[in-house]
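**Student:** Read top to bottom, the protein sequences are chains A and B.
First residue of the first sequence: 1, per our numbering; consecutive thereafter.
First residue of the second sequence: 1, per our numbering; consecutive thereafter.
Simulated from the structure, these hints should not be mistaken for laboratory data.
Mixed in with the good hints, there may be bad ones.
Unchecked claim - Computed cross-link-like contacts, SDA-like style, restricted to lysine to any residue with a CA-CA straight-line distance of at most 25 Å:
1) A:K157 <-> B:P33
2) B:K169 <-> A:D117
3) A:K24 <-> B:Y78
4) A:K306 <-> A:Y272
5) A:K10 <-> B:V166
6) B:K169 <-> A:Q345
7) B:K169 <-> A:D285
8) A:K47 <-> A:P333
9) B:K169 <-> A:K157
10) A:K24 <-> B:D76
11) A:K157 <-> B:D76
12) A:K10 <-> B:G127
13) A:K157 <-> B:R163
14) A:K157 <-> B:Y78
Claimed, not checked - Covered stretches of chain B, going by a simulated chain A footprint (3 or more residues, C-beta under 8 Å):
15) 44–52
16) 110–124
17) 127–136
Stated by the list, open to error - What follows is a list of derived Cβ distance ranges for each label pair:
18) A:A128 <-> B:A28: 28 to 38 Å
19) B:A81 <-> A:A128: 44 to 54 Å
20) A:A4 <-> B:E118: 36 to 46 Å
21) A:K186 <-> B:P33: 44 to 54 Å
22) B:N124 <-> A:A82: 39 to 49 Å
23) A:R413 <-> B:P33: 35 to 45 Å
24) A:E108 <-> B:R163: 20 to 30 Å
25) B:P33 <-> A:S249: 53 to 63 Å
26) A:Q330 <-> B:E116: 12 to 22 Å
27) A:A337 <-> B:N124: 25 to 35 Å
28) A:R147 <-> B:A28: 43 to 53 Å
29) B:N124 <-> A:Q442: 36 to 46 Å
30) A:E149 <-> B:G127: 50 to 60 Å
By construction, the Cβ of each residue, glycine as well, lies at the ideal position given by its N, Cα and C atoms.
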Amino acid sequence: LVQANPITRKCYAFDEATAHFFAKDAEHPYVQEKPFDWIRGYQVGGKSLIWARQTQRWSHHDFEGPARDGFAEWPLTYEELAPWYSHVERFVGISGNRDGVDGLPDGEFLPAWEMNDAERSMAGRIEAAFPGRRVVQGRCAHLTEARPEHLAQGRGKCQSRNLCYRGCPFGGYFSSNSSTLPWAAKTGHLTVRPGSVVESILHDEATGRASGVRVISAATKTVTEYFAKVIFVNAACLNTNLILLNSRSKRYPAGLGNDHGLLGRHVAFHNYRGSLNASLDGFADAYYSGRRPTQPMMPNFRNVAKQETDFQRGYMVFFSAARRGWTRGQGAPGIGAAYKEGLTQPGPWGIYMMMQGETIPRYENHVRLSANRRDPWGIPQLVTSIGYTDNDERMIRDFLAQGRAMLEAAGARDIRATDDRRNPGLDIHEMGGVRMGRDPRQSLLNRWNQFHTCPNVFVTDGACMASTGVQNPSLTFMALTARAARHAVEELRKGTL
Amino acid sequence: MNRRTLLRHAAQLAAVAALGTLPHRTWAALPRPEGWTEAEAALLDGIGDTILPATPGSPGAGSVAIGRFILRMTADCYPPAAATALRQVLARVRAAAGSRNWANLSAAEREALLVEIERRPPANVEGVAPWRHLKDLVLLGYFTSEAGATQALRYDPVPGAYRGSVPLKTGDRAWAT
Numbered sequence: 001l002v003q004a005n006p007i008t009r010k011c012y013a014f015d016e017a018t019a020h021f022f023a024k025d026a027e028h029p030y031v032q033e034k035p036f037d038w039i040r041g042y043q044v045g046g047k048s049l050i051w052a053r054q055t056q057r058w059s060h061h062d063f064e065g066p067a068r069d070g071f072a073e074w075p076l077t078y079e080e081l082a083p084w085y086s087h088v089e090r091f092v093g094i095s096g097n098r099d100g101v102d103g104l105p106d107g108e109f110l111p112a113w114e115m116n117d118a119e120r121s122m123a124g125r126i127e128a129a130f131p132g133r134r135v136v137q138g139r140c141a142h143l144t145e146a147r148p149e150h151l152a153q154g155r156g157k158c159q160s161r162n163l164c165y166r167g168c169p170f171g172g173y174f175s176s177n178s179s180t181l182p183w184a185a186k187t188g189h190l191t192v193r194p195g196s197v198v199e200s201i202l203h204d205e206a207t208g209r210a211s212g213v214r215v216i217s218a219a220t221k222t223v224t225e226y227f228a229k230v231i232f233v234n235a236a237c238l239n240t241n242l243i244l245l246n247s248r249s250k251r252y253p254a255g256l257g258n259d260h261g262l263l264g265r266h267v268a269f270h271n272y273r274g275s276l277n278a279s280l281d282g283f284a285d286a287y288y289s290g291r292r293p294t295q296p297m298m299p300n301f302r303n304v305a306k307q308e309t310d311f312q313r314g315y316m317v318f319f320s321a322a323r324r325g326w327t328r329g330q331g332a333p334g335i336g337a338a339y340k341e342g343l344t345q346p347g348p349w350g351i352y353m354m355m356q357g358e359t360i361p362r363y364e365n366h367v368r369l370s371a372n373r374r375d376p377w378g379i380p381q382l383v384t385s386i387g388y389t390d391n392d393e394r395m396i397r398d399f400l401a402q403g404r405a406m407l408e409a410a411g412a413r414d415i416r417a418t419d420d421r422r423n424p425g426l427d428i429h430e431m432g433g434v435r436m437g438r439d440p441r442q443s444l445l446n447r448w449n450q451f452h453t454c455p456n457v458f459v460t461d462g463a464c465m466a467s468t469g470v471q472n473p474s475l476t477f478m479a480l481t482a483r484a485a486r487h488a489v490e491e492l493r494k495g496t497l
Numbered sequence: 001m002n003r004r005t006l007l008r009h010a011a012q013l014a015a016v017a018a019l020g021t022l023p024h025r026t027w028a029a030l031p032r033p034e035g036w037t038e039a040e041a042a043l044l045d046g047i048g049d050t051i052l053p054a055t056p057g058s059p060g061a062g063s064v065a066i067g068r069f070i071l072r073m074t075a076d077c078y079p080p081a082a083a084t085a086l087r088q089v090l091a092r093v094r095a096a097a098g099s100r101n102w103a104n105l106s107a108a109e110r111e112a113l114l115v116e117i118e119r120r121p122p123a124n125v126e127g128v129a130p131w132r133h134l135k136d137l138v139l140l141g142y143f144t145s146e147a148g149a150t151q152a153l154r155y156d157p158v159p160g161a162y163r164g165s166v167p168l169k170t171g172d173r174a175w176a177t
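Same shape as in the complex, but just chain A (with noise of 0.2 Å):
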């Protein structure tokens, strides 16, 4: 299993218990131009059985910063998205503390975890030492309390159990599967069509509008063709940038509103490429039960009104404190009852922490068709060139010195620093593609997420996104999906779409 998947074995959530909910790495290869870790769910779900399940919103300073540093410009604010937020916040249920955080606005929210003993006091001393730096719990996608609305789906409280990424019995966090999928089968207008492989989206000249999507089965490659007056591409990005490629017409000979060639162009991702490693002292009779889903977070602190740095944009951080347990006894000597004895007890502490920085999307980082290769489906392969800059090694390298400076203040001993030095993708937080902008020469999206050029077409996934922000992007690509349909919706009542 591991060998055979060199790129998808790099993901944390792969192993024998999870492999089916990954796509296999020699059943749908791509061509990287430049390495990238593409990692895919293909089943039922898809990777909302396998994500991290980290919600945050995003604040003003996200969708204004990118214009502010000249590289792309948001056609919505956030008061525009704040109330799908909460639309989508109580339905899917996150939790987390009301912390009038400025970067990093309150939500709807359960009640949030714990931190334990000696986050807290890590947190305390970092936020005295680093005035206007704030430590949060995380926020995540996990019923803390199960309300009626939760309920209603069929789900129930997080049962702290850690298995999530076998796909949860109790709906605990947020899946399709879970929460979405069967809520919508309940209006009796939902059909689920598993193993369909979307070639293209289909374009009718006579009304220059996209007519259907063209779909192979996976199993027996026939083709298919579904008709619908609104359809929403949401593919997971890099096969919804892959699916408007290969949607080729008369009047879209470069692919589903590519006019200016920029279908596929500005991807950008996360950068998770620093982390910290460290012991504290002390907190000896401090425990905690339960396994928990989330860690304390800081919401970024660096270039959110304005440029500060020698780097462009800024980075989230996450740490947690745990005791070490009987692993620390791997390479340690000693033999008999007291080694033993010592290893069945909880050993000291140990931190981690970790970035999580934006990137600037750039038109020489994107993916296009392979001119020649073709997956078993016939269709064309998709070509990643997508790669890290100077921006983002200054950055790595400013979260690595910050870091150690914040341990240290928190009384950390043993610092060790890392860059992983991970290819792009296996941060599973690409975007872009097809973004959103009010230029219709500069972006492919309007501000409702619908095609400048061909607006029955949607696209809400991670594609849409005109920049990354620093927070993990799932609840915002949710609220942008809730927004647009309701918008889609409502231009169909009107007899406007």
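For chain A, the structure is supplied; the task is to place chain B on it using the hints.
**Tutor:** Here is chain B on its own, set in the frame of chain A:
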């Protein structure tokens, strides 16, 4: 055969079938890989029992059939050099026990023998450190076995919640997961 006897036999057969489907609670369920003898598995059990012996409240590594675990993992999950490395440790143990034979050594003598090997372990085999390989697998196999996880450590399959501040009292064991 009358009807009552038939029923009794059927019930006994059902009971045997049910026993057959009960999960094994130790690594004894793992088939021994080709090329390894039961004596070698038993010697590994003895080594495991010396590194992690029975203590009040939990059994030793030998009683979870750690030898089978070490052999199976070495065969399935490591490069071939690991098997060579493992044989070197066993050869060293046998040589150190000499004519007295490991089986006849007291627990204290076994411990002293392994302490000496740990102090001066066999040289690496193509990047595999023989002693470290064996000891790491003793720990992995023991603390992830049912007895190791639930008796030597504490295991709670469904915690129900996370509590961030739990005072630790003397003797409280660590969570298995």
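**Student:** If a hint holds in the structure, say so; if it does not, say that too.
**Tutor:** Consistency of the hints with the structure:
1. A:K157 <-> B:P33: Roughly 44 Å between the alpha carbons, so the hint for K157 (chain A) and P33 (chain B) is violated.
2. B:K169 <-> A:D117: 15 Å, holds
3. A:K24 <-> B:Y78: Holds: K24 (chain A) and Y78 (chain B) sit about 23 Å apart, inside 25 Å.
4. A:K306 <-> A:Y272: 23 Å, holds
5. A:K10 <-> B:V166: 34 Å, violated
6. B:K169 <-> A:Q345: At roughly 10 Å apart (the allowed maximum being 25 Å), Q345 (chain A) and K169 (chain B) satisfy the hint.
7. B:K169 <-> A:D285: 7 Å, holds
8. A:K47 <-> A:P333: 42 Å, violated
9. B:K169 <-> A:K157: With a Cα-Cα distance of about 29 Å, the restraint between K169 (chain B) and K157 (chain A) is violated, given a limit of 25 Å.
10. A:K24 <-> B:D76: 21 Å, holds
11. A:K157 <-> B:D76: Violated. K157 (chain A) to D76 (chain B) sits at ~39 Å, over the 25 Å cutoff.
12. A:K10 <-> B:G127: 23 Å, holds
13. A:K157 <-> B:R163: Answer holds: K157 (chain A) to R163 (chain B) is near 15 Å, not above 25 Å.
14. A:K157 <-> B:Y78: The hint is violated at about 40 Å.
15. 44–52: Contact hint for the region 44–52 of chain B vs chain A: holds, 3 residues under 8 Å.
16. 110–124: holds (count 4)
17. 127–136: holds (count 3)
18. A:A128 <-> B:A28: 28 to 38 Å: 56 Å, violated
19. B:A81 <-> A:A128: 44 to 54 Å: Cβ of A81 (chain B) to Cβ of A128 (chain A): about 52 Å, so the range 44 to 54 Å holds.
20. A:A4 <-> B:E118: 36 to 46 Å: Given a distance of about 37 Å, which is inside 36 to 46 Å, the answer is holds.
21. A:K186 <-> B:P33: 44 to 54 Å: 52 Å, holds
22. B:N124 <-> A:A82: 39 to 49 Å: The hint (39 to 49 Å, Cβ to Cβ) is violated, given that N124 (chain B) and A82 (chain A) are roughly 60 Å apart.
23. A:R413 <-> B:P33: 35 to 45 Å: 44 Å, holds
24. A:E108 <-> B:R163: 20 to 30 Å: With a Cβ separation near 25 Å, E108 (chain A) and R163 (chain B) satisfy 20 to 30 Å, so the hint holds.
25. B:P33 <-> A:S249: 53 to 63 Å: At 59 Å between Cβs, range holds.
26. A:Q330 <-> B:E116: 12 to 22 Å: 20 Å, holds
27. A:A337 <-> B:N124: 25 to 35 Å: The hinted range 25 to 35 Å holds for A337 (chain A) and N124 (chain B), with Cβ atoms some 29 Å apart.
28. A:R147 <-> B:A28: 43 to 53 Å: At roughly 48 Å between Cβ atoms, A28 (chain B) and R147 (chain A) fall inside 43 to 53 Å, so the hint holds.
29. B:N124 <-> A:Q442: 36 to 46 Å: Once the Cβ atoms are compared, 59 Å apart, the range 36 to 46 Å for Q442 (chain A) and N124 (chain B) is violated.
30. A:E149 <-> B:G127: 50 to 60 Å: 55 Å, holds
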